[in-house]
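Participant: Residue numbers (full-length UniProt numbering), protein chains in the order written: chain D, 1 to 365; chain L, 1 to 365; chain E, 1 to 365; chain V, 1 to 365.
Incorrect hints may have been included.
To be verified - In the SDA-like style, the derived pairs of lysine to any residue whose C-alpha atoms are separated by at most 20 Å in a straight line are:
| id | chain 1 | residue 1 | chain 2 | residue 2 |
| --- | --- | --- | --- | --- |
| 1 | E | 75 | D | 117 |
| 2 | V | 164 | E | 254 |
| 3 | E | 255 | V | 306 |
| 4 | D | 164 | L | 162 |
| 5 | D | 255 | L | 162 |
| 6 | D | 75 | E | 307 |
| 7 | L | 75 | L | 33 |
| 8 | L | 164 | D | 164 |
| 9 | D | 86 | E | 100 |
| 10 | E | 255 | V | 299 |
| 11 | D | 75 | E | 188 |
| 12 | E | 198 | V | 254 |
| 13 | E | 8 | V | 302 |
| 14 | E | 255 | V | 8 |
| 15 | L | 197 | D | 257 |
| 16 | V | 255 | E | 43 |
| 17 | D | 212 | D | 285 |
| 18 | L | 8 | V | 8 |
| 19 | L | 255 | D | 55 |
| 20 | L | 198 | D | 164 |
| 21 | V | 198 | E | 307 |
| 22 | V | 255 | E | 300 |
| 23 | V | 75 | L | 75 |
| 24 | E | 255 | V | 302 |
| 25 | V | 164 | E | 300 |
What the hints assert, rightly or not - What follows is a set of in silico ranges between Cβ atoms, one per label pair, in the way DEER data are often shown:
| id | chain 1 | residue 1 | chain 2 | residue 2 | range |
| --- | --- | --- | --- | --- | --- |
| 26 | D | 309 | L | 53 | 36 to 42 Å |
| 27 | L | 37 | D | 99 | 32 to 38 Å |
| 28 | E | 162 | V | 164 | 21 to 27 Å |
| 29 | V | 258 | E | 89 | 27 to 33 Å |
| 30 | E | 190 | V | 168 | 40 to 46 Å |
| 31 | E | 100 | D | 146 | 45 to 51 Å |
| 32 | E | 89 | D | 96 | 38 to 44 Å |
| 33 | E | 299 | D | 212 | 22 to 28 Å |
| 34 | V | 166 | E | 99 | 52 to 58 Å |
| 35 | V | 86 | L | 271 | 49 to 55 Å |
Calculated directly from the structure, the hints in this document are not laboratory data. The beta-carbon is built from N, C-alpha and C at its ideal position, and this holds for glycine as well.
Single-letter residue listing:
There are 4 protein chains.
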Amino acid sequence: MAGNSFGKFFTVTTFGESHGIAIGGIVDGCPPGLEISESDLQTDLDRRKPGTSRYTTARREDDEVQILSGVFEGKTTGTSIGLLIKNNDQRSGDYSNIADRFRPGHADYTYQQKYGARDYRGGGRSSARETAVRVAAGGIAKKFLKAEYGIEIHGYLSQLGPIKVDTVDTNVINTNPFFCPDESKLEALDAYMRDLKKSGDSIGAKVSVVAKGMPVGLGEPVFDRLDADIASAMMGINAVKGVEIGDGFDVVEQKGSEHRDTLTPQGFTSNHAGGVLGGISSGQDVVVHMALKPTSSISIPGQTIDISGNAIDIVTKGRHDPCVGIRAVPIAEAMLAIVLMDHCLRHRAQNGHVQSKTPIIPGSV
Amino acid sequence: MAGNSFGKFFTVTTFGESHGIAIGGIVDGCPPGLEISESDLQTDLDRRKPGTSRYTTARREDDEVQILSGVFEGKTTGTSIGLLIKNNDQRSGDYSNIADRFRPGHADYTYQQKYGARDYRGGGRSSARETAVRVAAGGIAKKFLKAEYGIEIHGYLSQLGPIKVDTVDTNVINTNPFFCPDESKLEALDAYMRDLKKSGDSIGAKVSVVAKGMPVGLGEPVFDRLDADIASAMMGINAVKGVEIGDGFDVVEQKGSEHRDTLTPQGFTSNHAGGVLGGISSGQDVVVHMALKPTSSISIPGQTIDISGNAIDIVTKGRHDPCVGIRAVPIAEAMLAIVLMDHCLRHRAQNGHVQSKTPIIPGSV
Amino acid sequence: MAGNSFGKFFTVTTFGESHGIAIGGIVDGCPPGLEISESDLQTDLDRRKPGTSRYTTARREDDEVQILSGVFEGKTTGTSIGLLIKNNDQRSGDYSNIADRFRPGHADYTYQQKYGARDYRGGGRSSARETAVRVAAGGIAKKFLKAEYGIEIHGYLSQLGPIKVDTVDTNVINTNPFFCPDESKLEALDAYMRDLKKSGDSIGAKVSVVAKGMPVGLGEPVFDRLDADIASAMMGINAVKGVEIGDGFDVVEQKGSEHRDTLTPQGFTSNHAGGVLGGISSGQDVVVHMALKPTSSISIPGQTIDISGNAIDIVTKGRHDPCVGIRAVPIAEAMLAIVLMDHCLRHRAQNGHVQSKTPIIPGSV
Amino acid sequence: MAGNSFGKFFTVTTFGESHGIAIGGIVDGCPPGLEISESDLQTDLDRRKPGTSRYTTARREDDEVQILSGVFEGKTTGTSIGLLIKNNDQRSGDYSNIADRFRPGHADYTYQQKYGARDYRGGGRSSARETAVRVAAGGIAKKFLKAEYGIEIHGYLSQLGPIKVDTVDTNVINTNPFFCPDESKLEALDAYMRDLKKSGDSIGAKVSVVAKGMPVGLGEPVFDRLDADIASAMMGINAVKGVEIGDGFDVVEQKGSEHRDTLTPQGFTSNHAGGVLGGISSGQDVVVHMALKPTSSISIPGQTIDISGNAIDIVTKGRHDPCVGIRAVPIAEAMLAIVLMDHCLRHRAQNGHVQSKTPIIPGSV
């Protein structure tokens with residue numbers, strides 16, 4: 001219980017169901033003096049919001065965030081920041097047919113068993129709608145990281161079904177509805193998604209996130225390791241089934257002589273580690289990959305059971321994304337920002353006064 | 001800071017360095033009345049301990065755990081349990097040569113930059129020696145899960161370098177020094193490791209852990225999801241660079257019609273989800289895979305920098321495992337046990353009195 | 001930082017300033033299946049709300065709470081509960097004169113020094129307005145405690161300036177604007193407050209809270225003791241400067257033979273301990289007293305400094321309570337309810353399955 | 001459960017029973033670079049330890065603390081610090097007679113009911129023996145506060161039964177076994193205690209603690225207020241039944257014009273607030289008082305019940321302090337140090353980089 005908060009120093013707590021009155025959250029721990037406005041948060045909310053292309057759900061939400069507290073005369077005051085996003089386009093009627101049955105691959109069954117009851121409308125709290133609040137909170141963290149440390153975060157789609165990205169051009173990412181960084185793949189993606197939609201099926205995806213401009217020394221050695229916190233943040237995004245840091249599962253077949261990143265007076269010569277050594281940031285780019293399953297909300301009929309345990313057929317209606325991985329890009333960025341900000345604040349507490357540190361690799365701290 | 005604790009309801013806090021006087025920890029939150037003794041914990045400590053085969057480090061440690069509190073007349077009292085393991089075979093002299101230089105691929109550089117100083121002997125706190133305490137604490141969790149819920153956990157080596165396991169026979173796992181569940185691969189593993197040792201290099205590995213006898217309903221929907229907590233626990237194990245639940249990265253190329261696990265009155269017909277739906281256990285086996293990098297402690301010379309930023313050559317001496325993945329098997333089991341116990345206790349708090357639940361799939365709760 | 005949450009198992013997080021758009025909070029950890037509606041929470045909000053008598057501030061707020069999530073078809077779902085209370089009657093203009101100076105006895109100076117800036121309107125986050133959210137959250141806890149354990153909580157004014165209550169008649173408490181349980185003191189209170197208001201001064205008060213129907217065994221032995229958590233909850237209420245459990249400061253002059261409460265087969269014969277022994281509830285009534293300072297917002301001119309450190313005169317305008325202790329009664333009840341609910345949930349987690357307990361004193365568990 | 005930790009940024013976790021093998025703890029969150037040795041901690045351990053005067057228990061313990069980790073070459077490394085204190089003089093036989101009965105005024109009954117069993121030897125975990133670990137941990141905090149901020153903490157006995165201290169001379173405190181700061185009362189205390197011991201009874205006490213050299217700005221505004229955390233820390237000390245900050249319960253009869261501390265360009269003119277305004281330190285001395293009950297372990301026979309609920313007579317044997325308040329002085333100092341250090345680290349995290357602050361009252365920050 002009490003599992004709706006994330007972060008120890010910079011803490012985000014959320015509330016809200018897919019078809020309730022509103023969703024929202026409280027951001028606690030933001031230092032005072034940070035310039036922030038609703039429009040700072042809106043950019044990423046718009047990137048995540050539904051109804052922006054034919055390849056995402058047809059549900060239309062403005063996703064306009066309101067800052068209710070914690071900001072005075074344009075700057076954070078150091079007190080808790082209340083965030084509110086109203087739900088406008090609920091069509092709960094779409095969901096009355098699933099009140100007494102469990103959509104396979106969804107949380108319907110586990111919620112019913114865990115709580116003895118559930119808000120079945122649109123999946124209730126298990127809906128990815130809740131992630132809008134994470135994106136808003138992450139917007140605050142992004143602004144802080146950029147202003148205070150020069151850290152910048154960008155995510156992108158690195159694979160969709162069989163289509164793998166070959167090159168990463170960050171300028172391309174936000175020019176297409178797929179957050180794809182490789183212009184040469186856009187046509188193939190478009191064709192693939194068109195066919196997929198026609199078939200009524202859905203597809204998995206791989207999403208990557210990178211943090212540039214990292215300081216050395218973020219992360220704790222044993223349990224609150226930077227990589228462990230990132231893994232928790234990413235695996236906690238709806239539909240994610242795998243997380244990698246740096247070379248990830250490729251390390252299984254690597255030798256030590258090949259994997260270890262050599263240090264030179266000019267810096268590291270490679271980044272197999274993905275920017276984390278012993279749970280602590282090395283100053284290199286933090287590189288994270290994650291696998292997102294295909295949504296189970298598809299129009300192809302399937303078999304399931306009802307609340308009494310009887311076998312029945314099911315077709316998922318409602319409005320859904322054929323590839324939930326796409327819209328996960330701004331969510332993953334937000335969660336990485338929240339983790340990094342949490343660790344930046346820890347770092348300050350630890351090293352503020354006791355000693356000064358001189359960077360060993362010039363410009364690395 | 002204060003990053004040496006894991007778990008919210010069942011909390012494990014550890015201390016100790018590789019070459020200090022002792023390592024140890026405090027287990028807080030274990031309910032009263034659980035029969036436990038040092039010998040219950042020793043079994044897994046012995047599986048993890050160094051010096052048991054020619055393929056692990058030659059360091060010899062008895063790893064005898066002492067229970068200092070919290071157990072009275074053979075049963076837990078409900079108060080905190082103090083655990084102590086003495087370090088016997090420290091040869092700190094082996095490490096004097098790395099006091100002023102950074103082993104590539106190790107935490108030497110990040111510790112030095114984070115803290116401004118470090119206990120360089122054997123990697124200090126970054127050494128996997130600390131995981132012995134996790135194994136001891138996990139032993140308490142394992143005992144509880146078995147006694148109270150009938151949950152059983154077993155881990156195994158699923159891949160070592162190029163050698164993949166084909167079949168999983170749990171009876172085979174503990175009969176060989178590799179924790180390999182496939183008897184037909186033992187000879188190949190032996191040959192591979194012999195050659196590897198000769199070459200002075202190291203190799204990565206994939207380790208899997210499975211929990212059987214799971215109840216439905218463990219895990220929170222949004223942030224303290226069961227899969228997110230597992231991801232954090234596993235990524236927090238030294239050398240882990242990737243974590244998967246169920247089909248993991250295979251989902252990227254799966255379609256929704258293929259991935260979703262069908263529910264029938266007799267139960268699920270497949271387990272692509274790996275036992276977790278919407279962050280909550282489904283009652284199916286929880287299936288976790290992780291990738292462990294090859295250790296950077298190899299006898300092949302490499303390049304690095306010293307504490308003043310000068311380029312120097314380095315050869316790692318000391319006694320090391322050529323494949324750290326092998327001994328990670330009992331550690332991964334322990335961490336999964338700790339996560340599951342934490343969620344079992346949450347579950348009790350939540351559902352204790354408000355309502356009774358009838359299992360929908362017979363025998364599923 | 002991140003100091004806007006209270007409770008570990010039942011967690012209340014609040015946001016909002018005195019003169020912002022709204023105040024609100026998130027209640028996390030409430031088990032599913034509890035019947036709750038806005039009107040359940042409104043009763044106590046109305047008891048706390050300003051503008052109800054001539055002895056409280058003239059500010060008029062409806063204090064209508066809106067439940068935004070976590071309740072479905074009249075029952076809690078087990079997910080986080082979003083609460084919102086709009087601010088209607090802000091007259092921020094009243095406060096422009098304190099933007100650059102520090103009211104003595106207020107948090108103006110400490111906020112300015114801590115954060116480097118502050119929302120000065122009505123004291124911003126330091127205003128007791130925030131406590132409305134605690135009262136709403138406490139309403140949920142009160143309902144749960146009554147429904148699940150039969151625990152009932154009532155608070156009252158036990159002293160106002162020189163006027164001490166002689167008898168406690170719980171039926172009298174809510175019949176007068178002072179929450180005074182002694183009918184014979186009402187006239188004196190009325191006269192005292194009338195004179196006080198005329199003089200432009202304010203007065204301190206003592207408030208008591210009692211929980212009846214307590215189970216045995218709530219509280220942890222060492223750090224999360226029931227009495228320590230109560231002390232934290234009460235001292236955290238605006239203006240509180242002292243907290244007592246049971247006989248409180250009277251114990252200084254007591255002897256052991258006098259203080260210790262004798263146990264008999266029929267129960268305890270006295271309650272000097274105030275219902276807590278060794279940090280754990282004994283099943284007797286939990287008895288708590290607290291001292292509230294006189295508000296520093298008085299119309300008698302005083303001396304202070306401005307933001308540049310210059311000496312200046314100050315008269316506090318705005319609308320204020322001459323005795324803030326009075327309205328603290330429902331706040332103290334709410335905080336006690338939150339602490340007890342937190343410990344009830346812990347208790348379940350701990351004792352759910354391991355063993356059954358037979359009460360030693362009949363009817364005591 | 002899991003209630004054996006205190007502090008969020010600087011976290012102390014303890015284990016151990018009165019008559020177990022050892023007691024100990026883990027201090028997590030201490031920044032690196034602090035010079036610390038066992039002898040730094042021993043001073044306060046010796047002040048607290050039993051057997052030093054005829055007015056404390058006759059149990060003899062060396063209370064020698066061993067630092068097992070987290071310190072390298074005389075300085076903290078930033079990792080967790082393991083502390084161990086062996087129990088030498090256990091005479092568990094003394095307690096066999098209370099295995100099946102409940103000493104009135106003790107935690108025997110509540111432990112038995114909470115856990116269904118208990119380590120009855122010397123009160124097990126409920127014994128004040130555990131506080132030795134708090135004193136050791138507090139020693140680290142004291143050293144840090146002095147070195148980094150110039151904060152100094154001293155506690156003293158301010159009342160014992162009917163004998164009240166008139167003057168506070170800090171030079172006198174450690175020259176007598178009562179920690180009494182008023183030389184003129186020593187004779188009276190001696191006579192009182194001699195008579196008390198003869199009578200076989202015990203007496204309550206009032207203890208005060210003061211922190212000097214405070215920075216402005218420690219503490220959070222709403223829930224993790226400095227005063228609330230202090231209240232929790234003090235009420236969590238064995239036998240404490242009341243806590244006051246500044247004027248404490250005297251405020252009940254004070255008027256606002258009298259209570260509010262006037263600010264001048266030279267600083268505050270009085271300290272009724274006890275150094276905390278709105279939950280945040282004002283830079284003035286933090287002043288805390290607490291009431292400690294008379295121990296229930298007295299040689300005067302009493303009535304109680306046994307584990308079956310039968311009425312029986314009881315005489316407490318074992319070796320006990322006739323006034324537990326005396327030895328609480330170093331414990332209270334340690335807990336105040338732990339709270340202040342926790343908030344110093346928070347403060348750093350919050351204000352490290354965003355803005356510089358200029359003190360308004362010269363020398364106040």
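Participant: Take a look at whether the Cβ-Cβ distance between residue 37/L and residue 99/D falls inside 32 to 38 Å.
Facilitator: violated, 50 Å
Participant: Does residue 164/D lie within 20 Å of residue 198/L when you go C-alpha to C-alpha?
Facilitator: Not OK: residue 198/L and residue 164/D at ~38 Å, beyond 20 Å, violated.
Participant: Just to be careful, I want the Cα atoms of residue 8/E and residue 302/V compared with a cutoff of 20 Å; is the pair within it?
Facilitator: With Cα atoms ~39 Å apart, residue 8/E and residue 302/V exceed 20 Å; violated.
Participant: Is it true that the CA of residue 75/E sits at most 20 Å from the CA of residue 117/D?
Facilitator: Holds - the C-alpha atoms of residue 117/D and residue 75/E are around 9 Å apart, at most 20 Å.
Participant: Straight-line Cα separation of residue 75/L and residue 33/L no greater than 20 Å?
Facilitator: Since the Cα atoms of residue 75/L and residue 33/L sit roughly 5 Å apart, the hinted pair holds (cutoff 20 Å).
Participant: For the pair we were handed, residue 255/V and residue 43/E, check the Cα-Cα distance against 20 Å.
Facilitator: violated, 31 Å
Participant: In this structure, is the beta-carbon distance linking residue 162/E and residue 164/V contained in 21 to 27 Å?
Facilitator: Cβ of residue 162/E to Cβ of residue 164/V: about 23 Å, so the range 21 to 27 Å holds.
Participant: If you check the beta carbons of residue 166/V and residue 99/E, does the distance land in 52 to 58 Å?
Facilitator: Cβ of residue 166/V to Cβ of residue 99/E: about 45 Å, so the range 52 to 58 Å is violated.
Participant: Below or equal to 20 Å on CA atoms is what counts here, so check residue 255/E against residue 8/V.
Facilitator: Violated, at about 37 Å.
Participant: Given the hint that residue 198/V pairs with residue 307/E, test it: the Cα-Cα distance must not exceed 20 Å.
Facilitator: violated, 61 Å
Participant: Using the Cβ atoms, figure out if residue 100/E sits within 45 to 51 Å of residue 146/D.
Facilitator: For residue 100/E and residue 146/D the Cβ distance comes to about 32 Å; the hint is violated.
Participant: Please check whether residue 86/V and residue 271/L have a Cβ separation lying inside 49 to 55 Å.
Facilitator: Roughly 51 Å apart at Cβ, these two residues keep to the hinted range, so it holds.
When the structure is compared with the earlier hints, violations turn up for hints 3, 4, 8, 9, 11, 13, 14, 16, 20, 21, 23, 25, 26, 27, 31, 33, 34 and for no others.
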